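So the protein sequences, as listed, match chains P and F.
Note that my numbering numbers the first sequence so that position 397 is 397, with each residue one more than the last.
Note that my numbering numbers the second sequence so that position 121 is 959, with each residue one more than the last.
I should point out that these hints are in silico values taken from the structure, not numbers from a laboratory.
Be aware that one or more of the hints could be misleading.
[To be verified] Computed cross-link-like contacts, EDC-like style, restricted to lysine to aspartate or glutamate with a CA-CA straight-line distance of at most 20 angstroms: (1) Lys876/F / Asp420/P; (2) Lys937/F / Glu422/P; (3) Lys967/F / Asp186/P; (4) Lys879/F / Asp420/P; (5) Lys580/P / Asp948/F; (6) Lys726/P / Asp900/F; (7) Lys687/P / Asp900/F; (8) Lys185/P / Asp900/F; (9) Lys899/F / Asp777/P; (10) Lys899/F / Glu771/P; (11) Lys484/P / Asp863/F; (12) Lys485/P / Asp863/F; (13) Lys939/F / Glu422/P; (14) Lys89/P / Asp186/P; (15) Lys485/P / Asp948/F; (16) Lys937/F / Asp420/P; (17) Lys937/F / Asp888/F; (18) Lys546/P / Asp948/F; (19) Lys937/F / Asp271/P.
[What the hints assert, rightly or not] Which chain P residues face chain F? A few, computed with CB under 8 angstroms, are given here: (20) Tyr34; (21) Pro173; (22) Gln177; (23) Leu389; (24) Leu393; (25) Phe397; (26) Ala416; (27) Met573; (28) Leu576; (29) Thr577; (30) Thr614; (31) Val617; (32) Thr618; (33) Thr780.
[To be verified] Which chain P residues face chain F? A few, computed with CB under 7 angstroms, are given here: (34) Asn171; (35) Gly172; (36) Gln419; (37) Thr659.
Predicted model only: the values in this text are computed from it and were never measured.
Glycine included, every Cβ here is placed at the ideal spot set by N, Cα and C.
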Amino acid sequence: MKFEGEHLLPGQVGHFFVLLAFVASLVSSIAYFYASAIKNEPEKRSWILFARGAFFIQFVSLLTVFITIYYLCSHHYFEYLYAYKHASKELEPRYLLACIWEGQEGSFILWSLWHCVLGSILIFTSKKREAPILSILTLAQFVLLIMIVGIYIGDTRIGSSPFVLTRNEINGPIFSQSNYLSFIKDGIGLNVLLRNYWMVIHPPILFLGFASTIVPLGFAYSSLNSKDLTSWVKPALPWTLFSCCVLGVGIMMGGKWAYESLSFGGYWAWDPVENAALVPWMILISGLHCMAVYNSTGNALRASYFFIILGYFFVLYSTFLTRTGILGDTSVHSFTEAGFAMNVLIGIYVIAISLPMLVLFVVRYKKIPSIQKEENISSREFWMFIGSLIFFLAALFIIAITSLPVYNKVFGTKYADPQDREFTYNKVLVLVAFIVGLLTALSQYLKYKNTDKKYLIKKMAMPLIAATIISVLMAIFYPIEYTKKGPGFLIAIYLALFACIFSVIANAAYLKTVLKGNLKAGGAAIAHLGFALMIAGMLISSGNKKVISDNSKTGLFLPFDKDPTGREPNDPMENLTLVKNVPTQMGNYMVTYVGDSNGLEKTRVFYNIHFKKTDSVTNKVKEDFTLTEDVYQMRDNNLSSNPGTRHYFTHDIFTYISTTSVKNNSADTAQFKIHEMGLNDTAFYSKGFLVLNNVLKNPDSGRFHFTPTDTALVADITVYGNDGTKIKAYPALTITNQQINFIDDTLVRQNLYLNLAGLTSDKKFKIGVKESEVLTDFITLKAYVFPYINLVWAGLLIMACGFIVSICRRTKAANYITALSVLLVLAGLAYMFLIANA
Amino acid sequence: MKTSSIIILVAIAAAIGVLLMYSVDFSTYDTISSAKAKPGKYVHLIARLDKSKPIQYDAIKDPNYLSFYATDSLGGSTQVIYHNTKPAELEQSDRVVLKGKMEGNVFECDNILLKCPSKYKDDKKQLEKTVSQY
Chain P
1 MKFEGEHLLP GQVGHFFVLL AFVASLVSSI AYFYASAIKN EPEKRSWILF
51 ARGAFFIQFV SLLTVFITIY YLCSHHYFEY LYAYKHASKE LEPRYLLACI
101 WEGQEGSFIL WSLWHCVLGS ILIFTSKKRE APILSILTLA QFVLLIMIVG
151 IYIGDTRIGS SPFVLTRNEI NGPIFSQSNY LSFIKDGIGL NVLLRNYWMV
201 IHPPILFLGF ASTIVPLGFA YSSLNSKDLT SWVKPALPWT LFSCCVLGVG
251 IMMGGKWAYE SLSFGGYWAW DPVENAALVP WMILISGLHC MAVYNSTGNA
301 LRASYFFIIL GYFFVLYSTF LTRTGILGDT SVHSFTEAGF AMNVLIGIYV
351 IAISLPMLVL FVVRYKKIPS IQKEENISSR EFWMFIGSLI FFLAALFIIA
401 ITSLPVYNKV FGTKYADPQD REFTYNKVLV LVAFIVGLLT ALSQYLKYKN
451 TDKKYLIKKM AMPLIAATII SVLMAIFYPI EYTKKGPGFL IAIYLALFAC
501 IFSVIANAAY LKTVLKGNLK AGGAAIAHLG FALMIAGMLI SSGNKKVISD
551 NSKTGLFLPF DKDPTGREPN DPMENLTLVK NVPTQMGNYM VTYVGDSNGL
601 EKTRVFYNIH FKKTDSVTNK VKEDFTLTED VYQMRDNNLS SNPGTRHYFT
651 HDIFTYISTT SVKNNSADTA QFKIHEMGLN DTAFYSKGFL VLNNVLKNPD
701 SGRFHFTPTD TALVADITVY GNDGTKIKAY PALTITNQQI NFIDDTLVRQ
751 NLYLNLAGLT SDKKFKIGVK ESEVLTDFIT LKAYVFPYIN LVWAGLLIMA
801 CGFIVSICRR TKAANYITAL SVLLVLAGLA YMFLIANA
Chain F
839 MKTSSIIILV AIAAAIGVLL MYSVDFSTYD TISSAKAKPG KYVHLIARLD
889 KSKPIQYDAI KDPNYLSFYA TDSLGGSTQV IYHNTKPAEL EQSDRVVLKG
939 KMEGNVFECD NILLKCPSKY KDDKKQLEKT VSQY
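Chain P extracted, bound-state conformation (with noise of 0.2 angstroms):
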């Protein structure tokens, strides 16, 4: 049959290239395997030529890829299924990108792409090591594209092609007809929860940071393949502080995504997913301490070795944690169950790179040399290497608890987290934040091989006291209020800020006093000046992080003997109700929903929420402002919520919605149900009852201003609630020019509408009561306050330029170079972390 409307050339250019990046990934990684082991210099030349030729065949044909895909998702081709699943009409332009990366191909062909950058960067820089480490770096290419390309071996289908075609993959009754593409109107498009900036920006840095971790371990290769066991530290130290770099700064931005779009109620909540980035990092953080150790010492360089190729191991561990779908029950991450095809693929590939390396690391463990002499215990390099194990520790910890749902799957086990997952890991890592933090205090004064002890408590005695003080500052005037679990947890927290305070100011005076502000030499302290204050950070905002939405703290519930829900005082009850235009207290603020409005995309409503806080003694306006947050309502009546937030330079109140009314357009068809009612009288409704009080001639008191030349009447009536509320309402009826006008008073918390509808012969008074089937428009409303929160990005933002000050002077840049690249770097992030979504 032939489809109508159908574009079929970009798919089949789109398929070629892939092929064609898959042959070319494998014969270059041959080429380099040759190439590495040929002795006779001219015959090695022109294999690694060949190789390189076959490498940058691979690079294009994989940037076409990605351009095809691009086209296909931007011209909304939905007979491809992957702009049908990931593309869509209404999705605004700058999200094109994201849709490539939301799926597994498109995030595969992302990171080999990275591969392919670095590849090329290593080619013109890594000289006689180039053919070692390029061929593991294609082989790791080769590998990758197994995954996307599509072709059958008998059977079996090997890997899934970006290119399929939605007729041939999914089964449906419109496939059977020729004009198939006339009814799909719109692609499924990119998920609601991923439309966010962060989402253009995080998976391209995280997947770097994946990607240039085969550096540190092509250069490992390359030494472990020759007799030279040494040399491979110095050039690959760049290269791994890269690495920790990217990678830090990519998981961290996956915390201020979490932080401001996935209303987790915070920048980390110890998901797998976030676990499962952040271990590799760990380990590799390890291997970086211990590489400098040894290009200054001489020792470490088998522990190097080890993390090295663990942290690689544990990279791809994590693709296999996350992207299995084993995570499934315990993840909010809503990953894709891609189950056997991706668990082969992982499988392959630790066979390929992961195990070699390793049986090659035992096979030569002998050879490498190693410092019998035991280091001495005031040297610097004993306390690296003591930091280096407590963070490799640290990450075994937090592996193996994130593991968890693997043993379910080995050993047929039912075991699920802790009731408190985060205080699990809260508890052993505030300790862990401790002695780091004391370490990285101390060690930059340290000194290689030995340090004397008069000097190092001379130098040591000003930032120890300075820190005590803030310490004990803080404790009095700005204490941590975490309470919740009890005193020995509230201890351990306060000796990691004070630590990490100490910290802070150990590397700020070691910056100042002994490098005497020659920034460029002072990378480590930077860094190590930022991460403390990062940790900082952590501790203060989401120690004395608060849910000011807490209704129970507000007073808005009447005390009841016994509540009619059954509800127990220490329930919680963080989220707050608005009904529209209905001044709420909540915290300091006077809240109002005050309305909404639709946006570009169909299914998302903007609602704007207005917050004024006055000054309780003098009624001053002391904060007034209108937080825009937005809800994707979907199809099937899923939500997806975007947080508002309000930033202050000392902290944010972070607040998105949990629950809307359902907008409900059908006509009120309820009547006004007449009582005729006299004074003190009492009627009752479905949730309650009401009592006519007094009916008051031209009252000038309360929202009525009527002159004795009026003619009005106004009914004082008071309604009792089931649920014990009792409310006011003043329903009226005025005559003008021989008109009668009704002032229908309106409880919208009740739905109940009161009117005043006349006088009997005998009387009595008629009040009219309409309990209204259409909903008012509500939300419910969970709102925290994060103190502090600037001092996590302030800290991150700092130990991003430790990094690339270090990585400028281990290769030697000029100093201008250096300058350029921090100011880049820190002008890149401040506008990202601070700026952007300000």
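Let chain P serve as the given structure and place chain F on it in line with the hints.
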């Protein structure tokens, strides 16, 4: 290596090991009947929403009170109370993971994880359902 360093290393490793051992109190995945057998113990239930019984939630009256009934594949059934807002997609969910504990006849839940068809757009069946609606 000098003995002093080895001792320090071992001590640190041991301290972390001990911390690790005593600190983790794993919960378990349970059926409704096995959860009922251990009231007050924190468990994870894998269940589904009982659509034949009423869902009680009135955000205007109390946004932090949700009550519904859950059943599991073994025929167990229990009332569930959740002191938070109603997840919007609760009615559409295929499967729910409920974290909490049995108290009396009620499952006091402090976290609900929903497995919704719409989240699995890679799921072929879901795509086929969507396509067949054109």
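Results of checking the hints against the structure:
1. Lys876/F / Asp420/P: Cα-Cα ~19 angstroms, so holds.
2. Lys937/F / Glu422/P: The hint holds at about 14 angstroms.
3. Lys967/F / Asp186/P: Holds, because 15 angstroms separates the two Cα atoms, which is no more than 20 angstroms.
4. Lys879/F / Asp420/P: With Cα atoms ~13 angstroms apart, Lys879/F and Asp420/P stay inside 20 angstroms; holds.
5. Lys580/P / Asp948/F: violated, 28 angstroms
6. Lys726/P / Asp900/F: holds, 16 angstroms
7. Lys687/P / Asp900/F: holds, 15 angstroms
8. Lys185/P / Asp900/F: Violated, at about 41 angstroms.
9. Lys899/F / Asp777/P: holds, 14 angstroms
10. Lys899/F / Glu771/P: Since the Cα atoms of Lys899/F and Glu771/P sit roughly 16 angstroms apart, the hinted pair holds (cutoff 20 angstroms).
11. Lys484/P / Asp863/F: holds, 18 angstroms
12. Lys485/P / Asp863/F: With Cα atoms ~15 angstroms apart, Lys485/P and Asp863/F stay inside 20 angstroms; holds.
13. Lys939/F / Glu422/P: Roughly 18 angstroms separates the two Cα atoms, so the pair holds.
14. Lys89/P / Asp186/P: Measuring from Cα to Cα gives roughly 6 angstroms; hence the hint holds.
15. Lys485/P / Asp948/F: holds, 17 angstroms
16. Lys937/F / Asp420/P: The hint holds at about 10 angstroms.
17. Lys937/F / Asp888/F: Status holds; Cα separation ~17 angstroms.
18. Lys546/P / Asp948/F: Cα-Cα ~18 angstroms, so holds.
19. Lys937/F / Asp271/P: Given that 20 angstroms is the threshold and the Cα spacing comes to 16 angstroms, the pair holds.
20. Tyr34: violated, 40 angstroms
21. Pro173: It holds, given that the least Cβ distance between Pro173/P and chain F is near 6 angstroms, below 8 angstroms.
22. Gln177: violated, 10 angstroms
23. Leu389: Given a least distance of 7 angstroms, the restraint on Leu389/P holds.
24. Leu393: With a closest approach of 5 angstroms, the Leu393/P hint holds.
25. Phe397: holds, 6 angstroms
26. Ala416: Since the shortest Cβ distance to chain F is 4 angstroms, the answer is holds.
27. Met573: holds, 4 angstroms
28. Leu576: holds, 7 angstroms
29. Thr577: This interface hint holds because 4 angstroms falls under the 8 angstroms limit.
30. Thr614: violated, 25 angstroms
31. Val617: At 31 angstroms from the nearest chain F Cβ, Val617/P fails the 8 angstroms test, so the hint is violated.
32. Thr618: violated, 32 angstroms
33. Thr780: Cβ of Thr780/P sits 4 angstroms from chain F, so the hint holds.
34. Asn171: holds, 5 angstroms
35. Gly172: It holds, given that the least Cβ distance between Gly172/P and chain F is near 4 angstroms, below 7 angstroms.
36. Gln419: holds, 4 angstroms
37. Thr659: This hint holds: Thr659/P lies near chain F, its Cβ roughly 5 angstroms from the closest one there, short of 7 angstroms.
Figure legend: structure checked against the earlier numbered hints; hints not met, in rising order: 5, 8, 20, 22, 30, 31 and 32.
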